[in-house]
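**Student:** Take a look at the letters that make up each chain.
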Amino acid sequence: MNVTIVDYNSGNISSVINSFKEVAKHKVNIEVTSDLNKIKASDKVVLPGQGSFKSCVDALNKINGLSDTLNEFVITNKKPLLGICVGLQMFADIGYEETETKGLGWIPGKVSKIDNQKGKYKLPHIGWNQINIIKDSKIFKNIENKSHMYFVHSYEFIPEDKNVIAATANYSSNIVCSVEKENIFGTQFHPEKSDKLGLKILENYIKI
Amino acid sequence: MLKNRIIPCLDVKNGRVVKGINFVDLKDAGDPVEQAKIYSDGGADEICFLDITASNENRDIIFDVVEKTSKKCFVPLTVGGGIRSVEDISKLLNCGADKVSINTAAVENSKVVIDSSKKFGSQCIVVAIDAKKNGDKWEVFTHGGRNNSGIDALEYARQMEVNGAGELLITSMDRDGTQVGYDIDLMSKISSKVNIPVIASGGVGNLDHLVDGIQLGKASAVLAASIFHYGKYSVKEAKEYLDSKGIPVRI
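Top line first, the protein sequences correspond to chains A and B. For the first sequence, the working numbering assigns the number 1 to the initial residue and increments by one for each residue that follows. For the second sequence, the working numbering assigns the number 1001 to the initial residue and increments by one for each residue that follows.
Because the hints were derived from the structure by calculation, they are not lab data. None of these values were measured; they are calculated from a predicted model. We treat Cβ as the ideally placed atom computed from N, Cα and C, and that holds for glycine. Warning: the hint list may mix true and false statements.
Restraint ranges, calculated between C-beta atoms of paired labels, are given here [said to hold, decoys possible]:
1. A:Glu98 x B:Asn1148: 33 to 43 Å
2. A:Lys38 x B:Asp1064: 23 to 33 Å
3. A:Glu144 x B:Lys1232: 27 to 37 Å
4. B:Asn1147 x A:Asn29: 44 to 54 Å
5. B:Gly1150 x A:Asp93: 47 to 57 Å
6. A:Lys118 x B:Asn1147: 36 to 46 Å
Calculated lysine-lysine pairs in the DSS-like style (CA-CA distance at most 27 Å, straight line) [as the list claims (entries may be wrong)]:
7. A:Lys21 x B:Lys1133
8. B:Lys1072 x A:Lys25
9. A:Lys54 x A:Lys207
10. A:Lys44 x A:Lys138
Full structure from sequences and hints, please.
**Tutor:** See below:
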């Protein structure tokens, strides 16, 4: 099996690469590329993302044909894709970080700043928070409810259809921290930095 | 609920741990990779390397250390010490660091924080502030505490938030190495002044100091070196103690 991590200059992806290589062992081939043909030919795709919503969308659009290729992979061919952090946020129609920016539009909704309740909550939301698993997502197999995951973000994805929400985390309000819609998976937290349980999530994804 | 973090810090010089865990079963007590792995297996919420390599010719060794550590530890890794430019930051991140902590360069050239947070995102930019009390205020020191910039630490902390820092690592120079506890006054004043998380550092001698750093100092995370290195307490013991005092931690 080939799992492709999309390398589109979205910030630091070395931890994502290291963690996938760790769980893949030698059974699964982990490719890190922006080559459109390689992406098309792979079985699964991982879409990381660091920095702002706008900087990630801009970086994605800079690579000619990448967003069309991803669209075809996910929407037409219904192959699995895992978005991490801003990778998940880009599923939305629109994001409001820096300036209003159009997302990939795979899951209707928007990405807005977490309400810090007039400074009561520090932003970014950094550190280990417990996830409330509300949907039996394939990536949460053998992951207990209330497990700790590592977060670092200031913006949250608010999907229109609440049925896509797989997990939430409590910080200021119930933040959507994982979604699953058919073949589309996403985590707002960083499984690659969430120790053994995070690696288990990546392993689950590989095994889907 | 978001948990308070415990971050062990390792001083690394020429690729070797200077002060480290003194366990008999360690294969190589000076190997930062092995020590970081012990901490992450023991429940450390993050790992911090402070590179104190003085000579220029050995400055690249840290990249190799970071690369090896990031292949074994799957908790966030912060690297600080000697970072001068956006290129330095880029290199460390590419080697597998998740965050960098910038000290002297942030004082000398505000563009480093502004540009790097734009380029890589605020989430990976920690500004480290070494502060020393002078009268009723604190001043920012640079170059490993050797030079007094004369800058007011509270004002500076706020400015770093504006410039794009995602977190502040505050070290009290008056307390560092004394083991009498954090400078609570400094921590709470800075934490109230900014809306980004504060990591308290400098002066931890026992587990009550960690409790005070969070409860009184209002820090989101506590960093400590020597109490963990010399086996006085394990990270697990520290977490259990914090938990017993009603502080939310990841156990």
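**Student:** Could you run down the list of hints and mark each one as holding or not?
**Tutor:** Results of checking the hints against the structure:
1. For glutamate 98 (chain A) and asparagine 1148 (chain B), the hinted distance range of 33 to 43 Å is satisfied, since their beta carbons lie about 37 Å from each other.
2. In this structure the hint that lysine 38 (chain A) and aspartate 1064 (chain B) lie 23 to 33 Å apart at CB holds, the actual value being about 29 Å.
3. At about 32 Å, the beta-carbon gap between glutamate 144 (chain A) and lysine 1232 (chain B) stays in the expected band of 27 to 37 Å.
4. About 51 Å separates the C-beta atoms of asparagine 1147 (chain B) and asparagine 29 (chain A), a value consistent with the hinted range of 44 to 54 Å.
5. A hinted range of 47 to 57 Å for the beta carbons of glycine 1150 (chain B) and aspartate 93 (chain A) is consistent with their spacing of about 50 Å.
6. In this structure the supplied range 36 to 46 Å holds for lysine 118 (chain A) paired with asparagine 1147 (chain B), their Cβ-Cβ distance being about 38 Å.
7. Our distance criterion of 27 Å between C-alpha atoms is broken by lysine 21 (chain A) and lysine 1133 (chain B), whose separation comes to about 47 Å.
8. The straight-line distance between the Cα atoms of lysine 1072 (chain B) and lysine 25 (chain A) is roughly 13 Å, inside the 27 Å bound, and the hint therefore holds.
9. Restraint check for lysine 54 (chain A) and lysine 207 (chain A): the C-alpha separation of about 32 Å exceeds 27 Å, so the hint is violated.
10. Annotation: proposed proximity of lysine 44 (chain A) to lysine 138 (chain A) holds, straight-line Cα distance about 14 Å (limit 27 Å).
Of the numbered hints given earlier, the model fails hints 7, 9; all others are met.
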